[in-house]
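Got chain U; can you put chain D on it based on the hints?
Number of protein chains: 2
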Amino acid sequence: MHREIPVTSLQRLPVYLNYLKSLGRTDGNISSGAIARALGMGEVLVRKDLAYTPAHGRARTGYNCGELIAAIEEYLGCNRVLPAVLFGAGALGRALLSYGGFKNYGIELVAAFDCCEEKTGATVGGCTVYPYAAAREVIGRTGARLAVICVPADVAQEVCDTLVECGIAAVLNFAPVLLKVPEGVNVRNIDMAANLAILASQI
Amino acid sequence: MHREIPVTSLQRLPVYLNYLKSLGRTDGNISSGAIARALGMGEVLVRKDLAYTPAHGRARTGYNCGELIAAIEEYLGCNRVLPAVLFGAGALGRALLSYGGFKNYGIELVAAFDCCEEKTGATVGGCTVYPYAAAREVIGRTGARLAVICVPADVAQEVCDTLVECGIAAVLNFAPVLLKVPEGVNVRNIDMAANLAILASQI
Numbered sequence: 001m002h003r004e005i006p007v008t009s010l011q012r013l014p015v016y017l018n019y020l021k022s023l024g025r026t027d028g029n030i031s032s033g034a035i036a037r038a039l040g041m042g043e044v045l046v047r048k049d050l051a052y053t054p055a056h057g058r059a060r061t062g063y064n065c066g067e068l069i070a071a072i073e074e075y076l077g078c079n080r081v082l083p084a085v086l087f088g089a090g091a092l093g094r095a096l097l098s099y100g101g102f103k104n105y106g107i108e109l110v111a112a113f114d115c116c117e118e119k120t121g122a123t124v125g126g127c128t129v130y131p132y133a134a135a136r137e138v139i140g141r142t143g144a145r146l147a148v149i150c151v152p153a154d155v156a157q158e159v160c161d162t163l164v165e166c167g168i169a170a171v172l173n174f175a176p177v178l179l180k181v182p183e184g185v186n187v188r189n190i191d192m193a194a195n196l197a198i199l200a201s202q203i
Numbered sequence: 001m002h003r004e005i006p007v008t009s010l011q012r013l014p015v016y017l018n019y020l021k022s023l024g025r026t027d028g029n030i031s032s033g034a035i036a037r038a039l040g041m042g043e044v045l046v047r048k049d050l051a052y053t054p055a056h057g058r059a060r061t062g063y064n065c066g067e068l069i070a071a072i073e074e075y076l077g078c079n080r081v082l083p084a085v086l087f088g089a090g091a092l093g094r095a096l097l098s099y100g101g102f103k104n105y106g107i108e109l110v111a112a113f114d115c116c117e118e119k120t121g122a123t124v125g126g127c128t129v130y131p132y133a134a135a136r137e138v139i140g141r142t143g144a145r146l147a148v149i150c151v152p153a154d155v156a157q158e159v160c161d162t163l164v165e166c167g168i169a170a171v172l173n174f175a176p177v178l179l180k181v182p183e184g185v186n187v188r189n190i191d192m193a194a195n196l197a198i199l200a201s202q203i
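In order, the protein sequence lines correspond to chains U and D. Our numbering applies: residue 1 is where the first sequence begins, and numbers increase by one. Our numbering applies: residue 1 is where the second sequence begins, and numbers increase by one.
Honestly, the hints are just simulated from the structure, not real lab data. For every residue, glycine included, the Cβ atom is placed at its ideal position computed from N, Cα and C.
No farther apart than 27 Å at their CA atoms in a straight line, the calculated lysine-lysine pairs in the DSSO-like style are these:
| no. | chain 1 | residue 1 | chain 2 | residue 2 |
| --- | --- | --- | --- | --- |
| 1 | U | LYS103 | D | LYS180 |
| 2 | D | LYS180 | U | LYS21 |
| 3 | D | LYS48 | U | LYS180 |
| 4 | D | LYS21 | D | LYS103 |
| 5 | D | LYS180 | U | LYS48 |
Computed footprint of chain D on chain U, listed as stretches where at least three residues anywhere in the stretch have a Cβ under 8 Å from a Cβ of chain D:
| no. | segment |
| --- | --- |
| 6 | 11-25 |
| 7 | 87-97 |
| 8 | 142-153 |
| 9 | 183-191 |
Rough simulated footprint, nothing fancy, chain D against chain U, three-plus residues with beta-carbon under 8 Å:
| no. | segment |
| --- | --- |
| 10 | 31-42 |
| 11 | 70-84 |
Chain U extracted, bound-state conformation (with noise of 0.2 Å):
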């Protein structure tokens, strides 16, 4: 991905390609506004978020089916498999490791931390569940580059900086909390009540 795409229109793009599977078909042409009308869409939304993607639309005859799957696999990065771990194998956390979603996206799950003796040992989700005193180790071993934090708000800084000296460069956070990191390391945060607060403002 080089283009910085807007995360409402990466979360469409895995929807596209299910569609675009489910018709069962990789030769032909679709165009946009046909994509459009079966997801219930607008289709100059969906010509903008393919635009994001190496394929070509072409003027009435619109994608070739076939190529419009590859270039959103490419896209996704669904033909390599990235490692990723996860902190804090709360109830969270645990619902992350479960959580089949990542693959979209060509991400896996390849070890969990806990700082809770009785948690660690455990599998969950197919990741098992390690002491912190694990964590250079593990995220050596596996070439993780990303993270997830999911522990409580009072330690998850302190999490963050164990993961930056053990070569994390990109941090997913639901600590509702702002982390400081040094400069080359990104972080995204989720605070999931932020969200139904601003649905809520608008009821």
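For chain D alone, kept in the frame of chain U given last:
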């Protein structure tokens, strides 16, 4: 909330609020620069975020501490409780029911629903899990107009249709599908995997 606030700004407001409260004083003034320095943020960003609230900053003196706290609380709706319901008491649903962050925005999950008989009747995070058949009665009784959808993708649209029929006006959707809703009903999608994928693309 009258002006549309970006979710990134909104999720910083509880952080400012917690910091201001931690100072333990409601008299005296505080500048946006002092808040920015304490939280490791840019001053312009702090001022821009606070401008969404009814707080009035004054040149040189800044904000009155007590007034700023009250303005953020008023804006976030901390002084009222807005009931919300949750559909799908699986791993993610149970994690959200146990998550304390909603009260930062004056929102309370008051009931959960699941189609699986084994899950109904239980209490998770203080919420009773009801069968779907009880939805209309419970939503009517609680007056909830906000709902959270955490069901699998293939049943999310059906659940959403039921919610709309029961008078729900806003839906926070965690299922990786685009929900179709009638005009006047708002939906926000949280695709956790898409957020991780954006980070992955920046490594």
